[in-house]
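Engineer: Below are the chains, spelled out letter by letter.
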Amino acid sequence: MPDAHTPWTRAALPLCLLGTLDGEEKSYGYALLTRLADAGLHGIKAATLYPALARLEEEGAVEVEWGAGEGGPGRKYYRITEEGRARLRRDQAAWGDFTRTVASLLGKGDDSGQAADDTDA
Amino acid sequence: MGKPPTTRTPDLVWTREEDQDWADTVRVRLALDHGVAFGLAEEVLAEAHQLVHEAGRPAPEVLGTPEAYASAVAAERVSEKDRARADAHGLTPGEHVSAAFGMLGFIGFVLCALCWIEDGLWVTGSWASVAGYATVVAAVSLAALAFVARGAGRMRGMWGFAAGAVCAVAGGSAVAAAAPGERLFAVPVPVLMAGCAAWTVGAFVFPDATLDRWFTPRPQAGDAQWLTRLEGLLRGRHAMPAAEARGHVREARQHLARAGGERAEDAFGDVEVYAMRLAEGPRKRRRLARNKMYRAVAMAVLFAVIAVDEALEAGHFSGWVAMYVVASACWCWTALGEWREAREPTGTQPPR
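So the protein lines, in turn, are chains A and B.
By my numbering, the letter at position 32 of the first sequence is numbered 32, and the numbering carries on one by one without gaps.
By my numbering, the letter at position 47 of the second sequence is numbered 47, and the numbering carries on one by one without gaps.
In isolation and in its complexed conformation, chain B is listed as follows:
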């Protein structure tokens, strides 16, 4: 048997196509599901490559499914503390904020580009249009922050941001309707595009650690806050049903009542780590699939409503309407896939 390549760079050569697919899936799962750093992922794949080469058999046969292998690697090579900070997507709250605001800026950039192509170099604005766009940006930003707060286990924060988004829509709509619609200014589209690009860059450049701190409560002052945070993390970060999460909290409270004076932090340790341990069972995959299904259904409904609104406004089945219908259908298909995943018996696949 010849000596296998020892490189630990992405150009690692896998002799079989199925091994290459296996390695790609492991790399993606490590990055997306477990937030494993690129260097560690490559190191892990180099070790796997060595094992597969020496065994002379396909990677799935030697090392199991890529999802299970990625989970095992994350469990063994990434500290509990680091894993506990990330949600099911492998992202911390700060990384979610960066991604959401970065995406918002990118979408703005693309819409500006489309506007340039369709309407020309200059766009005009009025108080009404300024209020309308500001409302959209504020509402989308607050809604994104509500999702981030939920993932961070800040349930009150989530409701606060969600209420803020609703208020922004209501207030902004009223202001936009009442504001004068006469032309106020004209601006070249590239200026707006530059603004969107700056927004996007700013979102990704802003330190994630600072954002993480904003979404992490100060060290718990008492057991009540520790238990509240536990419930928030189980429900928000780990997608556990409310009744199940409350059951764990009741059990912890009951333990503390029996332990007589022992603090929750001393008995159960770091709340994020404890929540992750409770949520890592075989039902995790089904819980996450159900959560994704709800989101997919919400997106499908959103695009369907936009399609109907666009069709009514245009008076005919335009290209935009077709695009919204296709988007809605794609989300329906995603929801169906997640529904099937959520109904599969536990244990058929490893928890992701």
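This is chain A alone, in the form it adopts within the complex:
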């Protein structure tokens, strides 16, 4: 995904993280970064990911558990909480409303570009 999408990605990152963690028992930062990149969110960097996870932890949406690393320092695992699942459901609904609103403002499909051109003219 191009860098132009980075602000959107950053805004939606907590929701994406909760969605990813909801499908797993627990995960850690590097694995989450890989999962998000595999899903097409290439713009996310460690500098953005870990603060977002720290914030989710402080908000009670995820909990932290330290486990053994692979020959290196201990690994910090994240697990979604019940509060996090409730938030995920709320945010999913809000995200759906938001994308529908944006789509309605932009018009539908290929007509949007034409509509914009007409307006400019």
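Think of the hints as simulated: they come from the structure by calculation, not from any bench.
Keep in mind it's a predicted model, so treat the numbers as computed, not measured.
The reader is advised that the hints may include incorrect statements.
[What the hints assert, rightly or not] List time: in silico EDC-like cross-link candidates among lysine to aspartate or glutamate, alpha-carbon distance up to 16 Å:
1) A/K45 - B/D266
2) B/K81 - B/D270
3) A/K45 - B/D270
4) B/K81 - B/E265
5) A/K45 - B/E262
6) A/K26 - A/E82
7) B/K292 - B/D212
8) A/K45 - B/E182
9) A/K26 - A/E65
10) B/K292 - B/E341
11) A/K45 - A/E82
[Said to hold, decoys possible] Only some residues are given here: those of chain B computed to face chain A with a beta carbon under 7 Å:
12) E251
13) R258
14) G260
Each residue gets a CB set at the ideal place from its N, CA and C atoms; glycine is no exception.
Given chain A, put chain B in place with the hints provided.
Structural biologist: Quick look at chain B alone, frame taken from chain A:
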């Protein structure tokens, strides 16, 4: 609805008293908590004034609490780089040094004025008194620099300055005790006051940017230094408990181990910005309140000790003793307020 005033100067007229209070609080929070420049603050308030006027409702109702509004403005209008350079008080290390030394000079000026009123125009000095005053100035200066170094994330520097302050007290006391106490010179108090005034002016005139450079390490040569600096910033500048800060550092180190060869600066970016991002969660307010509580307790104890010392020396409950007792009580009250703030659940107020 009439046209609202469009001025962007401090004489912006708010029709309701609560709106005026709201605007004043936003202005103070922007300046003190986020270090926002005066011009930008006034621009922000002019925009808020317009919104409130058009909505026809009180500012807190339209725009939320002033603290939250100031935080949102700082997040949106001040660059991360600029916000990351300042601590919880919105000051950079250089500004802290200027403020601390300026205050030291001002206190010296006031004490000289009191001395003039109580003891007359001339004061006498001896080697012992010179050593004593030099010790006080050195110890206070080094202690202030220790706090500044802590806020700058230079934990080793902090311990260095703190050790220097202790050594200054020990060495200076010994010299003052051993030095002869006979009269060495007499000087008019206004001369000392002029010296204190010059010190104060010098502290504020000295460029903050130069001081900032002294407290900022050179660009990190390696990951180890980057990670050490991260821990220092989280603990010192953002008042994060040591265990929590080390947890973030361990996680970063673990990420770098997995990333295979990626430099910390490349993966995580500027260390000051990264530390700020990690510390901006809902627990920030409680951490800062706890930090302020420790300081308030320290000040309360300091004034209590001075009060007892003064009372023992004077042999009775003098006006000075009363003043120290009141100061100690005020700091106790402050500590109590911060303790309550630190115990409030996260999320009840926006992070400041």
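Engineer: Each hint needs a verdict: does it hold in this structure or not?
Structural biologist: Going down the list of hints, with the structure as the test:
no.: 1; hint: A/K45 - B/D266; result: 10 Å, holds
no.: 2; hint: B/K81 - B/D270; result: 8 Å, holds
no.: 3; hint: A/K45 - B/D270; result: 13 Å, holds
no.: 4; hint: B/K81 - B/E265; result: 14 Å, holds
no.: 5; hint: A/K45 - B/E262; result: 12 Å, holds
no.: 6; hint: A/K26 - A/E82; result: 13 Å, holds
no.: 7; hint: B/K292 - B/D212; result: 23 Å, violated
no.: 8; hint: A/K45 - B/E182; result: 69 Å, violated
no.: 9; hint: A/K26 - A/E65; result: 9 Å, holds
no.: 10; hint: B/K292 - B/E341; result: 10 Å, holds
no.: 11; hint: A/K45 - A/E82; result: 27 Å, violated
no.: 12; hint: E251; result: 5 Å, holds
no.: 13; hint: R258; result: 4 Å, holds
no.: 14; hint: G260; result: 10 Å, violated
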